[in-house]
Amino acid sequence: MTSDQARASIGERFSGAQVEGTSPIVATVQPEQWVALAQFVKETLGCRFFSYSTAVDWKEGLEVVARVDNVDDRIGVLMKTRLAPGVSSCPSLVPVYRGANWMERECYDMFGIRFEGHPDLRRILLSDDWEGHPLLKSYAVDTPHPPYR
1 MTSDQARASI GERFSGAQVE GTSPIVATVQ PEQWVALAQF VKETLGCRFF
51 SYSTAVDWKE GLEVVARVDN VDDRIGVLMK TRLAPGVSSC PSLVPVYRGA
101 NWMERECYDM FGIRFEGHPD LRRILLSDDW EGHPLLKSYA VDTPHPPYR
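Reading the sequence shown from the start, the letters are residues 1 to 149 in the UniProt record's numbering.
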């Protein structure tokens, strides 16, 4: 399968999705389609390598981003979903990609995104008593915190 064929198949399967680019293919779907997109690219396009997952805090709301690859056919897919303003939950990709586990925990820790269905959603970088999520634009840079040991 070529990258153009992969892009076309994502567009056919997920109506309403924004699909652009070829290397990587950038596919933006609604949060309800997030897990279905991950299953589709893994099973149909052969993207079995989970590269990374992160988030971005835009003025309009949070965006969750994940990169997966089919290393044999050289197909990369950058999956995106935009959360509505004030919404901070997204379905977890851990049931599809085990490698998403710690990266989703990091997004929870830094951005406060609750990944529904995650097997062990708790802080991974900051202490349990840390207040807030430091990578949110609403987090004050002068927030007092205990010294790092």
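It is possible that part of the hints are untrue.
Pair by pair, the computed Cβ-Cβ distance ranges are [claimed, not checked]:
id, residue 1, residue 2, range
1, ASP72, SER15, 43 to 53 Å
2, ASP72, SER138, 17 to 27 Å
3, THR2, VAL141, 29 to 39 Å
4, ASP128, GLN5, 41 to 51 Å
5, GLU43, SER15, 36 to 46 Å
6, SER51, GLU20, 14 to 24 Å
7, GLU12, ARG122, 35 to 45 Å
8, MET1, LEU126, 40 to 50 Å
9, GLY21, PHE49, 41 to 51 Å
Derived lysine-lysine pairs resembling DSBU-like cross-links, with alpha carbons at most 30 Å apart [claimed, not checked]:
id, residue 1, residue 2
10, LYS80, LYS42
11, LYS137, LYS80
12, LYS59, LYS137
13, LYS59, LYS80
None of these hints come from the bench; they were simulated from the model. Idealized CB from N, CA, C, for every residue including glycine.
Verification of the hints:
{"no.": "1", "hint": "ASP72 - SER15: 43 to 53 Å", "result": "violated (28 Å)"}
{"no.": "2", "hint": "ASP72 - SER138: 17 to 27 Å", "result": "violated (43 Å)"}
{"no.": "3", "hint": "THR2 - VAL141: 29 to 39 Å", "result": "violated (46 Å)"}
{"no.": "4", "hint": "ASP128 - GLN5: 41 to 51 Å", "result": "holds (47 Å)"}
{"no.": "5", "hint": "GLU43 - SER15: 36 to 46 Å", "result": "violated (19 Å)"}
{"no.": "6", "hint": "SER51 - GLU20: 14 to 24 Å", "result": "holds (19 Å)"}
{"no.": "7", "hint": "GLU12 - ARG122: 35 to 45 Å", "result": "holds (39 Å)"}
{"no.": "8", "hint": "MET1 - LEU126: 40 to 50 Å", "result": "holds (42 Å)"}
{"no.": "9", "hint": "GLY21 - PHE49: 41 to 51 Å", "result": "violated (18 Å)"}
{"no.": "10", "hint": "LYS80 - LYS42", "result": "holds (15 Å)"}
{"no.": "11", "hint": "LYS137 - LYS80", "result": "holds (20 Å)"}
{"no.": "12", "hint": "LYS59 - LYS137", "result": "holds (8 Å)"}
{"no.": "13", "hint": "LYS59 - LYS80", "result": "holds (16 Å)"}
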